[in-house]
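Novice: Two chains, each in its own frame: build the complex with the hints.
Top line first, the protein sequences correspond to chains A and B.
Using the working numbering, the first residue of the first sequence is number 1, and each one after it goes up by one.
Using the working numbering, the first residue of the second sequence is number 268, and each one after it goes up by one.
The set of hints was computed from the structure by calculation and includes no laboratory data.
Among the hints, a few may not be true.
With the Cβ distance kept under 7 Å, some of the chain A side facing chain B (calculated, not the full set) [claimed, not checked]:
id: 1; residue: R57
id: 2; residue: E102
id: 3; residue: V140
id: 4; residue: P142
id: 5; residue: A170
id: 6; residue: W180
Simulated crosslink set (BS3-like; lysine-lysine; CA at most 27 Å straight-line) [to be verified]:
id: 7; chain 1: B; residue 1: K489; chain 2: B; residue 2: K641
id: 8; chain 1: A; residue 1: K199; chain 2: B; residue 2: K278
id: 9; chain 1: A; residue 1: K121; chain 2: B; residue 2: K488
id: 10; chain 1: A; residue 1: K148; chain 2: A; residue 2: K254
id: 11; chain 1: B; residue 1: K346; chain 2: B; residue 2: K502
id: 12; chain 1: A; residue 1: K199; chain 2: A; residue 2: K188
id: 13; chain 1: B; residue 1: K501; chain 2: B; residue 2: K346
id: 14; chain 1: B; residue 1: K502; chain 2: B; residue 2: K350
id: 15; chain 1: B; residue 1: K346; chain 2: B; residue 2: K549
id: 16; chain 1: B; residue 1: K278; chain 2: B; residue 2: K549
id: 17; chain 1: B; residue 1: K611; chain 2: A; residue 2: K75
id: 18; chain 1: B; residue 1: K501; chain 2: B; residue 2: K489
id: 19; chain 1: A; residue 1: K227; chain 2: A; residue 2: K254
id: 20; chain 1: A; residue 1: K93; chain 2: B; residue 2: K278
id: 21; chain 1: B; residue 1: K547; chain 2: B; residue 2: K489
id: 22; chain 1: A; residue 1: K254; chain 2: B; residue 2: K611
id: 23; chain 1: A; residue 1: K246; chain 2: A; residue 2: K55
id: 24; chain 1: A; residue 1: K254; chain 2: B; residue 2: K547
id: 25; chain 1: A; residue 1: K121; chain 2: B; residue 2: K278
id: 26; chain 1: A; residue 1: K93; chain 2: A; residue 2: K254
id: 27; chain 1: A; residue 1: K93; chain 2: B; residue 2: K346
id: 28; chain 1: A; residue 1: K93; chain 2: B; residue 2: K488
id: 29; chain 1: B; residue 1: K350; chain 2: B; residue 2: K488
id: 30; chain 1: B; residue 1: K350; chain 2: B; residue 2: K641
id: 31; chain 1: A; residue 1: K246; chain 2: A; residue 2: K93
id: 32; chain 1: A; residue 1: K66; chain 2: A; residue 2: K148
id: 33; chain 1: B; residue 1: K350; chain 2: B; residue 2: K501
Just so we're clear, the structure is a prediction, and the values are computed from it rather than from any experiment.
Ideal Cβ positions, reconstructed from N, Cα and C, are used throughout, including at glycine.
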Amino acid sequence: MSISRRTLLKLAGLTVLGVTAEKYASAHAGSTTAKVLAKAVSAGKRLTNNNVQQKVRLAMVVDLRKCVSEQGCTKCIDACNQAHNIPDFGDSKDAIKWIWEEPYENAFLDQENFYMRDEFKNKMVPVFCNNCDEPPCVEVCPTQATFKRDDGIVMMDWHRCIGCRYCMAACPYGSRSFNWRDPRPFIKNINPDYPTRMKGVVEKCTWCDERVDQGLLPLCVEACPEKAMAFGNLNDPDSDVRQLLKDNFSVRRKPGLGTSPEIYYLV
Amino acid sequence: MIEHAFRGSRKYWSWLLFLALVILAGFYFYMRQFIYGLGVTGMSRNVSWGLYIAQFTFIVGVAASAVMVVLPYYLHDYKAFGKITILGEFLAISSVIMCMLFVFVDLGQPFRVLNIFLYPTFHSLMFWDVVALSGYLVLNVIITRVTLEAERNSISPPKWIRPVIIISIPWAISIHTVTAFLFAGLAGRPFWLTAVLAPRFLASAFSAGPALLLLLCLLLKKLTRFDAGEEAIKKLGLIITYAMCVNVFLILMEFFTTFYSHIPEDAAHLQYLYFGLDGKAKLVPWMWASAALAIISLAVLLVPRARRDHRTLILACTAVFLSIWIDKGLGLVITGFIPSPFGKVIQYWPTIPESMIALGIWAIGVLLITIFYKMALSIRREVEA
Numbered sequence: 001m002s003i004s005r006r007t008l009l010k011l012a013g014l015t016v017l018g019v020t021a022e023k024y025a026s027a028h029a030g031s032t033t034a035k036v037l038a039k040a041v042s043a044g045k046r047l048t049n050n051n052v053q054q055k056v057r058l059a060m061v062v063d064l065r066k067c068v069s070e071q072g073c074t075k076c077i078d079a080c081n082q083a084h085n086i087p088d089f090g091d092s093k094d095a096i097k098w099i100w101e102e103p104y105e106n107a108f109l110d111q112e113n114f115y116m117r118d119e120f121k122n123k124m125v126p127v128f129c130n131n132c133d134e135p136p137c138v139e140v141c142p143t144q145a146t147f148k149r150d151d152g153i154v155m156m157d158w159h160r161c162i163g164c165r166y167c168m169a170a171c172p173y174g175s176r177s178f179n180w181r182d183p184r185p186f187i188k189n190i191n192p193d194y195p196t197r198m199k200g201v202v203e204k205c206t207w208c209d210e211r212v213d214q215g216l217l218p219l220c221v222e223a224c225p226e227k228a229m230a231f232g233n234l235n236d237p238d239s240d241v242r243q244l245l246k247d248n249f250s251v252r253r254k255p256g257l258g259t260s261p262e263i264y265y266l267v
Numbered sequence: 268m269i270e271h272a273f274r275g276s277r278k279y280w281s282w283l284l285f286l287a288l289v290i291l292a293g294f295y296f297y298m299r300q301f302i303y304g305l306g307v308t309g310m311s312r313n314v315s316w317g318l319y320i321a322q323f324t325f326i327v328g329v330a331a332s333a334v335m336v337v338l339p340y341y342l343h344d345y346k347a348f349g350k351i352t353i354l355g356e357f358l359a360i361s362s363v364i365m366c367m368l369f370v371f372v373d374l375g376q377p378f379r380v381l382n383i384f385l386y387p388t389f390h391s392l393m394f395w396d397v398v399a400l401s402g403y404l405v406l407n408v409i410i411t412r413v414t415l416e417a418e419r420n421s422i423s424p425p426k427w428i429r430p431v432i433i434i435s436i437p438w439a440i441s442i443h444t445v446t447a448f449l450f451a452g453l454a455g456r457p458f459w460l461t462a463v464l465a466p467r468f469l470a471s472a473f474s475a476g477p478a479l480l481l482l483l484c485l486l487l488k489k490l491t492r493f494d495a496g497e498e499a500i501k502k503l504g505l506i507i508t509y510a511m512c513v514n515v516f517l518i519l520m521e522f523f524t525t526f527y528s529h530i531p532e533d534a535a536h537l538q539y540l541y542f543g544l545d546g547k548a549k550l551v552p553w554m555w556a557s558a559a560l561a562i563i564s565l566a567v568l569l570v571p572r573a574r575r576d577h578r579t580l581i582l583a584c585t586a587v588f589l590s591i592w593i594d595k596g597l598g599l600v601i602t603g604f605i606p607s608p609f610g611k612v613i614q615y616w617p618t619i620p621e622s623m624i625a626l627g628i629w630a631i632g633v634l635l636i637t638i639f640y641k642m643a644l645s646i647r648r649e650v651e652a
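Chain B extracted, bound-state conformation (with noise of 0.2 Å):
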């Protein structure tokens, strides 16, 4: 299967260097990290989170967000999303892979990452998050391996993989609420002790990687001869049309809760994110460029000949994977830790070195996801030819 990987156009061989290229230098920066220590990041004594768990947190998202297509197409038969299942879950395991660079990257000590196994906690939602990602990712490998093998052999799957498919829907819900109940479960950091943080993980999530995925298979369609049909993308485009609105629906939830109550050491994390506070706002035109674009996401979304039209819906998806990416993967975690337990705004910035090991790490996901898609495609016209 994998030897699809190894053969390919000359356009296919640069673009691997290209990222082979982003890759090392990712590699370069964290071995700065790895000697340094995390000081070479912009986090700090007040904010200790930053960058990486916040991408952590919004691929984990993007991993979820398989269910998707799998959950229609297995459970519902629907057939429309017969080609772009296999797509939906082996972008799941680049995400889920990805998820768990991010984490490993943000360890002080990542050769005692083992510790995790060694001393099994389970009062601690980490161990819960390691669990459900690794599990995740093992349910995926196995099913993405079992139907892809059955369809180069014009077979139908064995019938014991059903079963693990369905434990997989569930599963996928689980990767995302769990990492949710990591910051959800803390009595002192107000903004993120609420109950719609999972719902609105689950939303945003099933939003902005079907987004992805469209986009994905959009791209496709331009560079190969894959095309995961017109009903595929129009189904897509729906669901991420209403994902998108729940989402949005959640956020103005948290506004009236957080300032209609108005209890001060709630709001000031709100206030900070959106206005900013003590004359500090590092995050407020990130925040407002997210509205925006999410406003202008739902405006071509809601309209059924926009959504319809391929050079309208691809500025939608666009616009849905850049609002949240801002929102989930940079405001949300960061402005947990501002203010301070003590009530001061101390600002976080990521510093070139984090930046350039994030790169690293998402090159690494299109690495495996070109890798994977490539085999997929390969397999599939093998069968047609």
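Excised from the complex, chain A in its bound form (with noise of 0.2 Å):
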């Protein structure tokens, strides 16, 4: 067997990648998002060589045959609003939202399911942002203040956002919120490890960036007492997403329109 000089290089470049990828691993010891692009990298070597500049994807399941959210549990709710210093304003205009509830037909408007499973009539879905994986959010924001990163967290960059909301106009989810007024008066208690935002300026939930970052999982998978979330990368065929995936069916939130949406839910 002779190997060619382009399968030389592409092996010598492949090498390279994955030392890259472990010096950056331990150069940024206890990051998650680090961590599984090591692992990504390594997973990479084993399955073809195409497929070792494959990308981190992170995605959250939600198995809402766990979810006890009818029964009036908000816990994932309530930890993730005091974390982010999310203002109360009722269910106003005003209102801000990160992660809610919304009754199974209408969280999934286009799936007309009828004579559904008695539990799954009343259910009450956690909806948030899907972090698309294309995002039409950041596509239409003229001054990319909202933006992709590499593992695939749709941000939000509040001191940029000039607070046009063509993002809340292209999102399909209705999972963005605009602070109509000062929200600092009607946040309860203020966490000072987090910034609050100015009036006139968009938000969102993030999956808990400034956590992930710290190798931590976002506070609503660490929050539910069911142990009904998950969250990890999707390009790593051992994570748990991808188990779950695996042996479970699952729907997501208007596949259709092409904005990949990347929270699955088991029903």
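Specialist: Next comes the structure, spelled out in structure tokens:
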């Protein structure tokens, strides 16, 4: 068997990539993103050469069979609201929502399912930003104040946002909120470790990027008493999310629009 | 040139004073919005664009419609439009400035508006809309300035201005096309997701814009010694007739596709707009008024004798303008958000501060038109004398 120059170069490149990723991982010890990145690269080595460059794609799985929202559980919502300084305007027109509940038929508007299992008829579905792989909000933003990270999280720069709300018009999931007025007087207990926002900017859930960077899971995932949520790298076949998706039937919200929403609901 | 704006009759000055007061009232409410935030408007988490963006959309059409006099005059050398072409161009300038103001007052962080140029984003239609509008403004300022200066000196305008004018023709089409793309490219808003939106925008623009120009010409005839000429008025009337027919035709196309295919998520919007949904029907009377006005206007415009009679022509043009103002300046933008992505009907209605700010911007537009027309007509009278 002779190795062509092309293959040799490819292999060399591959090794460099792998080494770089491992170096990066050790330099950022404790960073989940870095760890998953290293894992993804080594996983790629075992697969085909083309997969080496495959990036980390973070995703969320919500098991609606385990979720007990219909019993009045709001632990994930409360944890998020407290940590991220979400103001409480009640359910007024000014409401800011990062994670909240919608009835099943509203959350999955395009799936008219009659005669559902009883427990699903009254099911409240936790909804939040899908951190889409093809985010329309990022596409329309005129200042790149909203942008996609390499690991897939769709971020918000509150200091650059001009408040034109084009992203809110573009989002098919109603996941974005605008600060119609100064939110600060309406925050019950200010968390000093997380920024508050000013009036006139858009905000949304970012899957706790500040925690992900420290190697922690998003708060809602951690706060769920039923362990109904999982979070991880979709490109790693051994990750929790991949295992769950392999063994269960999942649905996503409005997948037909081509936005590639990255929250998978198990029903 | 501008000195003519400072010499006028008592009537002229009291009109300007009145407009200044309306502008001042609008500015007062804008300061309130500036301090409190956009929460002073009726907009909400669900209906996140309202009167401002809707008025912006309507007025972009008025700006673009100048092409309906520029094109026949400069491209086809249609002499009858010689007197009113400058009026069309000044109407375009005033409208573009109004458009920019409507976008500006809609921003949550207006001081950051230059971020659009600091971080130019080519995949955002908003960026291209700002580029198109600014370019159109610059083109029209150059064109009016140069042609009016030449007219004052009784010489023919310099040769280089012709290519600039020719460029302004497709540019006018582009401003309204890009504005339609702002809406028509969003996968999550089925009400706007229609290829016919840009053509519809152009058709409604080319009827409402010339209708306004025609009304202004007849008003000038009454107030000043300016006479656009019977042939120009007749031709404008014909342009309005054709454009209004196409506009109504395209609206009916929307009805067919939406209701015959009856995809629930698509149909819900049009259902809300014209018939109400979940017992909520705030826009329904407005839309039927718009439809009635469209029918009245066509009933007059399609009869040549009625179209030639100035009294009925004024009625028809007013009907065209109001019909499209309701359709585009109210219904089209708001209904894209109703029902919400969760299928909920959460209604919107502009508040008093919001309406006053909008009125203030309109007053700025009218003030600009008054000053520009005063300038143009004074220069012309000077030349004649």
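Novice: Now tell me if each hint is right for this structure.
Specialist: Hints, one by one, checked against the model:
Here the hint on R57/A is broken, as its CB sits about 21 Å from the closest CB of chain B, past 7 Å. Residue-level restraint check for E102/A holds (minimum Cβ-Cβ distance to chain B is 6 Å; threshold 7 Å). Annotation: interface hint on V140/A holds; nearest CB of chain B at approximately 5 Å, less than 7 Å. Because the closest C-beta pair between P142/A and chain B is about 4 Å apart, less than 7 Å, the hint holds.
Interface hint at A170/A: satisfied, since its Cβ lies 5 Å from the closest Cβ of chain B, which is below the 7 Å cut-off. Because the beta carbon of W180/A sits about 4 Å from the nearest beta carbon in chain B, less than 7 Å, this interface hint is met. Among the hinted pairs, K489/B with K641/B is consistent with the structure: their alpha-carbon atoms are about 14 Å apart, no more than 27 Å. Straight-line distance between C-alpha atoms of K199/A and K278/B comes to about 44 Å, which puts the hinted pair past the 27 Å bound.
The straight-line distance between the Cα atoms of K121/A and K488/B is roughly 68 Å, outside the 27 Å bound, and the hint therefore fails. For the hint pairing K148/A with K254/A, the CA-to-CA distance comes to about 20 Å; that is within 27 Å, so the pair holds. Of the pairs offered as hints, the one joining K346/B and K502/B holds, with about 12 Å between alpha carbons and a cut-off of 27 Å not exceeded. For the suggested pair K199/A and K188/A, the alpha carbons sit about 17 Å apart, so the restraint of at most 27 Å is met.
For the given pair, K501/B sits about 13 Å from K346/B by alpha-carbon distance, which is consistent with the 27 Å threshold. As the CA atoms of K502/B and K350/B are separated by approximately 13 Å, the hinted pair is consistent with the 27 Å bound. Between K346/B and K549/B the CA atoms are separated by roughly 47 Å; this puts the pair beyond 27 Å, and the hint is violated. For a cut-off of 27 Å, the pair hint linking K278/B to K549/B is broken: about 40 Å separates their Cα positions.
Restraint check for K611/B and K75/A: the C-alpha separation of about 25 Å stays at or below 27 Å, so the hint holds. With a C-alpha separation of about 17 Å, the suggested pairing of K501/B with K489/B holds against the 27 Å cut-off. In summary, the hint linking K227/A to K254/A is supported, as the alpha carbons are separated by about 25 Å, within the 27 Å threshold. For the suggested pair K93/A and K278/B, the alpha carbons sit about 45 Å apart, so the restraint of at most 27 Å is broken.
For the hint linking K547/B to K489/B, the alpha-carbon distance of about 45 Å lies beyond 27 Å, and the restraint is violated. A distance of roughly 16 Å separates the Cα atoms of K254/A and K611/B; the hinted pair therefore holds under the 27 Å criterion. For the given pair, K246/A sits about 20 Å from K55/A by alpha-carbon distance, which is consistent with the 27 Å threshold. Taking the CA atoms of K254/A and K547/B, the gap is near 26 Å; set against the 27 Å cutoff, the hint holds.
The suggested pairing of K121/A with K278/B is violated, with an alpha-carbon distance near 69 Å, which exceeds 27 Å. Between K93/A and K254/A, the direct Cα distance comes to roughly 25 Å. Compliance with the 27 Å bound is thereby established for this hinted pair. Our distance criterion of 27 Å between C-alpha atoms is broken by K93/A and K346/B, whose separation comes to about 55 Å. Restraint check: the Cα-Cα separation between K93/A and K488/B comes to about 49 Å, which exceeds 27 Å; the hinted pair is violated.
Simply put, K350/B and K488/B have alpha-carbon atoms about 12 Å apart, close enough for the 27 Å limit, and the pair holds. Pair hint K350/B plus K641/B holds up; C-alpha atoms about 14 Å apart against a cutoff of 27 Å. This hinted pair does not check out: K246/A and K93/A have alpha carbons roughly 40 Å apart, beyond 27 Å. Restraint check: the Cα-Cα separation between K66/A and K148/A comes to about 30 Å, which exceeds 27 Å; the hinted pair is violated.
With a C-alpha separation of about 14 Å, the suggested pairing of K350/B with K501/B holds against the 27 Å cut-off.
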